[in-house]
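Participant: Here is what each chain is made of, one letter per residue.
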Amino acid sequence: MSTNASTATATRKLTIARAMAEATAQEMRADPRVFVMGEDVGPLGGVFGNTRGLFDEFGPDRVRDTPISETAFIGAAVGAASDGMRPIVELMFVDFFGVCMDAIYNLMAKNTYFSGGKVKVPMVLMTSTGGGYSDAGQHSQCLYGTFAHLPGMKVVVPSNAFDAKGLMTAAIRDDNPVVFMYHKALQGMGWLGTEKGATVPVPEESYSVEIGRAAVVREGHDVTLVSLGVGVHHCLRAAKALEEEGFSAEVVDLRSLVPLDRDTVRASVARTGRLIVVDEDYHSYGVSGEIIASVAEHAGCRLKAAPKRVAYPDIPIPFAPTMEQWALPNADKVVAAFHQMMRES
Amino acid sequence: MQPTADQRRWMYRHMVLSRYLEERIEALYMEGKTPVFNMAKGPIPGEMHLSNGQEPCAVGVCAHLSADDIVTATHRPHHIAVAKGVDLDAMVAEIFGKATGLAGGRGGHMHLFDAAVNFSCSGIIGEGLGPAVGAALSRKLQGKSGVAVAFMGEGAANQGAFHEALNLAAVWQLPVVFVIEDNAWGISVAKQASTAVPRNDLRAAAYGIPGHHVADNDVEGVFAAAGEAIARAREGQGPSLIEIETARLAGHFMGDGEDYRPKGEKEGLQARDPIPRYRQALLDAGVLDEAGNAALVAEAHARVEAAIRFAQQSEFLPPEAALEQVFAGESS
Ligand SMILES: Cc1ncc(C[n+]2csc(CCOP(=O)(O)OP(=O)(O)O)c2C)c(N)n1
Ligand SMILES: [Mg+2]
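One line per chain: the protein sequences are C and Y, in this order.
The numbering of the first sequence is our numbering, which starts it at 1 and goes up by one.
The numbering of the second sequence is our numbering, which starts it at 346 and goes up by one.
None of these hints come from the bench; they were simulated from the model.
Heads up, a few of these hints could be off.
To give an idea of the interface, some chain C residues facing chain Y are shown, with a C-beta separation under 10 Å as derived from the structure [to be verified]:
| id | residue |
| --- | --- |
| 1 | P43 |
| 2 | I68 |
| 3 | M92 |
| 4 | F96 |
| 5 | Y133 |
| 6 | A293 |
| 7 | E297 |
| 8 | A299 |
Computed from a prediction, not measured in an experiment: that's the story for all the values here.
Just so you know, even glycine gets a beta-carbon here, dropped at the ideal spot from N, CA and C.
Chain C extracted, bound-state conformation (with noise of 0.2 Å):
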């Protein structure tokens, strides 16, 4: 069925969580090779709620509690996903990759070229990402640039449920491992607060988004919009504010980061002439100037002003609020971005 959000008919709302839930339910009914590992995804159903009901219906075998040991269970991932099965692991929060690195990146994202094509790795790792409720510099991390960067990996970060749903269908059949990133504050648990634009109409059947494709999500001709997850909708709330000014802004939702869709995002800059990227991991080294050099190197890039970020500062976050919501991208941000834009062109 469709794959764009606009054409989707259906009206029962769901938060991400349960969209998640709902398609990994539904590929688990017909895949018996699909299950789940991971810390805390058995009778809890997550910490952040995506295997909720998973354990009643497929019980202990397909839907594993483990031990709080990540470098042997999204090792055994790899060897389980290398033999055959379609494993779903779940990392906490993506702040503790740093124990289990390796398995995710020297062996997951690698070993399909170092077989010359020959082992599949067909798993998806599950992470929660992102800050803003003061959890501190270990546990609101957003590292998306860090998962990005490295070859062999496809990445996805859903902005709303519809796309979370798709998404992690689609990452469930790919034959390749899929880092799917799921940000906090659009997860619709009650305790984190939630974003209500993450909370939108999903059709019950089983459907998939695919993995690579940016959309559109606000159409405008002034400045392009560039974001994924939660900055998603700090732009389309900076949209709406810029659209009371006389201004209009198209706002792409990336949701993909491997592979990147460039092709939409230099479509979009094309007809605005204006580029503004909205990203909550780190400034430096990130998707931010990823996707800024994405559309400087192109041969028809033609940009009426100097492109501009938002994104979080090169530090550890904070963990008091006052620090923590000043570092924070968000709508006045975007906007003010744009200003700056405008008086320097």
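On the provided structure of chain C, position chain Y with the ligands as indicated by the hints.
Facilitator: Positioned in the frame of chain C, the structure of chain Y with the ligands alone reads:
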């Protein structure tokens, strides 16, 4: 190894101090979070892991330590920080995110650093073991005295870091003690569902080091085991491992529904609360009388209230201070 009367009162006092601190933090944490529980709200936002019930682990070990000795703790650090003598005002201010906090509010409750008493903690499971080994190595290389103690939950014994650190400490015969607070749960996952052996002290055999087990959250059992292990480390005979059967009287973090607990478990644990038990033991032994207890409790409460007032009356750093102290030598 038997504690002296002074040591017994010291341990009891620090258990009371720690518990009252947790009770006050619990109440303050809930401010702004009702009727809708949103972790981002209130004077103490973010995750909050309380240590209620685990005080015996902290005091039984720290009774043998001085400020010079090194402790690394976990995401559930308050009881250990209190027993290690972390500056209470600065610690509570850090938990509130204030300028007067240990890190000016940059770290929060999972990242408490007090260099004056060689205390630190962090939020990733198994993370404190390597640094404890390294601190012990540093003392050895510098010819300085001091032992390092790494605290961890029983869940951490399944991390690679646990096995690597124990082996390293053993092969280099370093003055380190590894202390496992076994509260039977890692969030919602029970120890027996995640751990191949019934007791983690058995794993000491894999590294040729002594393993101790303390049953029933017993304060003086911890004191005895830690005393032996720490004395051994001080004498240059290398590391030890201790597992303490303790109790998590609260949820994993605040806001935890705790539906995974078997019915009645919590009530059972509460009935065995180590603080009233130890108080009774000290009263029975004549080490403490009712008047002495009342005075001790009142003093502990007053100390905690003073720290909370200090934190509440402190200012936040200006937001731009977030940019400072990423590298050493930057002012604030
Ligand atoms: C490497 C890593 N994996 C997962 C987590 C998430 N997490 C935080 S606390 C916790 C449970 C820890 O259990 P235990 O070590 O027994 O300590 P307790 O919480 O019981 O004190 C988990 C899984 C983490 N912080 N770090
Ligand atoms: Mg535990």
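Participant: Could you tell me which of the numbered hints above are not met by this structure, giving the numbers in increasing order?
Facilitator: 6, 7, 8
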